[in-house]
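**Student:** In order, the protein sequence lines correspond to chains A and B.
Using numbering that gives the first Met the number 0, read the first sequence as starting at 0 and increasing by one per residue.
Using numbering that gives the first Met the number 0, read the second sequence as starting at 0 and increasing by one per residue.
Possibly wrong hints are sitting among the right ones.
Okay, the calculated beta carbon distance ranges per label pair [claimed, not checked]:
| id | chain 1 | residue 1 | chain 2 | residue 2 | range |
| --- | --- | --- | --- | --- | --- |
| 1 | A | 140 | B | 256 | 45 to 55 Å |
| 2 | A | 3 | B | 122 | 55 to 65 Å |
| 3 | B | 6 | A | 307 | 55 to 65 Å |
| 4 | B | 55 | A | 216 | 53 to 63 Å |
Since the hints were derived computationally from the structure, they do not count as laboratory data.
Even for Gly, the Cβ is constructed at its ideal location relative to N, Cα and C.
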Amino acid sequence: MCISNRIGPPVEGDNFYGRSKEIALANRLLDSMHSLLLSAPRRIGKSSLAKKLIQEKQTQGWTCVYIDLEEISTEQGFLKLMIEALEKGGVWKQITGTVSQEIKTIRERVEKISIGPVGVNLTPRANDENLYNDLKELIQHDKDTFIVVDELSLFLGNLLRSDENNAKVKFILNWLRSLRQVSQTKVRWLFCGSVGLKNFTSALNLGYTVNDLTEFSLDELSREEAYGLLSSLCRSESIGYSDDIIHYALDKLYWKIPYFIQVLFSKLVEMNCKDIDKKAIDIAYRQLCSDSYLRTWSERLSEYRELEIPARKILKTLSQKPEGLKRDVLLSVLMSGEKPSQVELVDLQLSRVLDMLENDGYLIKKESIRTFRSPLLRDYWYERYVQ
Amino acid sequence: MYNDIHSRILKEILRENPRDIAQPHLIVGENGSGKTTLLKQLGQAIQNSSGAFKTLMLDGRKVFGNQDISDALSSISDSHKKRIVLLLDDIDYYLERCDNTEQFALRAKVMQAGAPILIASANSVKPQLTNYESAFFDAFRIHYLRPLTSEENLSLLPPDTDQERAGKLMAYLPRTIQSVQTCKSILEQSTSAQQDLDLLVQRFSESCKMRFDSYPHQAQRILCALAPYEQGLPLQGLRESTRQTSGQLSPYLKLMVDKNLLLKDVKGLRGATYRMSDPLLRQWLLH
Chain A
0 MCISNRIGPP VEGDNFYGRS KEIALANRLL DSMHSLLLSA PRRIGKSSLA KKLIQEKQTQ
60 GWTCVYIDLE EISTEQGFLK LMIEALEKGG VWKQITGTVS QEIKTIRERV EKISIGPVGV
120 NLTPRANDEN LYNDLKELIQ HDKDTFIVVD ELSLFLGNLL RSDENNAKVK FILNWLRSLR
180 QVSQTKVRWL FCGSVGLKNF TSALNLGYTV NDLTEFSLDE LSREEAYGLL SSLCRSESIG
240 YSDDIIHYAL DKLYWKIPYF IQVLFSKLVE MNCKDIDKKA IDIAYRQLCS DSYLRTWSER
300 LSEYRELEIP ARKILKTLSQ KPEGLKRDVL LSVLMSGEKP SQVELVDLQL SRVLDMLEND
360 GYLIKKESIR TFRSPLLRDY WYERYVQ
Chain B
0 MYNDIHSRIL KEILRENPRD IAQPHLIVGE NGSGKTTLLK QLGQAIQNSS GAFKTLMLDG
60 RKVFGNQDIS DALSSISDSH KKRIVLLLDD IDYYLERCDN TEQFALRAKV MQAGAPILIA
120 SANSVKPQLT NYESAFFDAF RIHYLRPLTS EENLSLLPPD TDQERAGKLM AYLPRTIQSV
180 QTCKSILEQS TSAQQDLDLL VQRFSESCKM RFDSYPHQAQ RILCALAPYE QGLPLQGLRE
240 STRQTSGQLS PYLKLMVDKN LLLKDVKGLR GATYRMSDPL LRQWLLH
């Protein structure tokens, strides 16, 4: 099998490798009418898995839709994207002149949602509810349909900043739930994202809006699949390898997510390796630590907003201590220079930051110790921010 | 909270095996929070609880190097070979005065089996304790003396204290034991609620002046403009009040928020409001 090394965007088609157990489980759950919730760290392959599931369901004759909310920060944007995606995916009831007119009217009403400063909706709530209800009425529920919504929590988090009493967020979550609760619906949903939807909703006392979803997890590839991916990539570029070398590379990466395997391989290709050996792997690894491939992990921290600085302090400290550190040491790192009276606030801040860093795959907690999840990421961080 | 830290540290010290490497402890609390008193009480309790320990209290202000510590330890001669518990108050001074090499030497000394057990106090967590290259990185178990709650504050005052007046005074002070003593002293002296505040401002006038004088002139201008407004002012209000442009004000506003001289409230559509973080300094400016 010939696969291409695609770094960054979700992989599709023949370039998707492995995850056979996860795919089988997801298919079983979807076939038995479950809607799913997939939370996993960034770069682990959530979107790629979602697209693979879409591909499989399409071959089974399902109607499939993929909606990516990563760039969306307003309610208007959300509605427009939903309508476009559902229309493109063929989710509407049989299009008649009346339905077509209704869709057109809904679009016009969405355009009229006033956006005040900082994305505040100034139109009366009642009109919005009717709009959502009308949208709901247009969806066809009697045929097998699979709708993937990517980064819903990220979008809702953005919306929350302009939604003082959480009304809009609550409404959207309840609306999505109501779509899932339609009697005998054949529409199944997959919500995936790096920010945990359960934690997000729970923090707002809205846990009930997602308690019908079945949680589904995704972690690193199995050893076998990781081996298969790297060796397939080598074959696709006619690069010679041995079993030992593949295992050596995987041991070095430790956290065997497709992204890290891909970037390491990409480095080997850049080095024009015809046959890879340990030396080549070591060089490629070291170059990755000072290269721009992993810069996204640093850039992403800007999404942490006021927690970015504490997050960087923690990552910088942990990059110097491969064995990891206990929570109270990390607390003292954040307390450095702060008034002792702030300890409770800082402690709360630490909890939030650690949650986010663990959810996003930067850190892992083993018993009471936090360490970088990936030695590659740790070494990159040390190289970039400590050396 | 105070008692919790006391009993926690005492329990751990008494559990230390004389032949093992002991865990150093650090008590962190603001000025006036009771660190020195806690150290003294711990010293007394350790000595009374067990014949296996002998305590030595050192004032960090008088420690200029490891030699001062060594000399103090040598002055305790003990024929029964009791394990020494070294109570070092205000270790901040030592950490500022001594370089990393000297600090490493002290760390090496206390991290030996049977060595003196170090219990220190500090006003804050210093970089010398949290920078990875520092001698005392991850050395101490840190215990934070948290601010007193309003209930704790009031419970430390005599039972016949006017709670309302006491509560109003305490709103201007850090929530420490020393503040409670200040409050008590003022209420004993004062004849009315209005006079309470006057006496408080008078008592802290010198320190308020020193702080105010240490700020850049532009920061002083901003503080003077904000003082009359308990709820603060938005940027536009500050511009009008100071007759300065946003460009002249904004860099200082950011700095003052970062340094916690000002609080920035971001609510609604009208932008941020800035207000003074220290109510006592505000009163000083108004008096």
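**Student:** When you take the CB atoms of residue 3 of chain A and residue 122 of chain B, is the distance between them in 55 to 65 Å?
**Tutor:** Holds: the Cβ-Cβ distance is about 59 Å, inside 55 to 65 Å.
**Student:** If I claimed the Cβ atoms of residue 6 of chain B and residue 307 of chain A lie 55 to 65 Å apart, would that claim hold in this structure?
**Tutor:** The hinted range 55 to 65 Å is violated for residue 6 of chain B and residue 307 of chain A, with Cβ atoms some 38 Å apart.
**Student:** Lying within 45 to 55 Å: is that true of the beta-carbon distance residue 140 of chain A to residue 256 of chain B?
**Tutor:** For residue 140 of chain A and residue 256 of chain B the Cβ distance comes to about 52 Å; the hint holds.
**Student:** So the hint says 53 to 63 Å: do the beta-carbon atoms of residue 55 of chain B and residue 216 of chain A match that?
**Tutor:** Holds, since residue 55 of chain B and residue 216 of chain A (Cβ atoms, about 55 Å apart) stay within the stated range.
Violation of the numbered hints given earlier is confined to hint 3; every other hint is satisfied by the structure.
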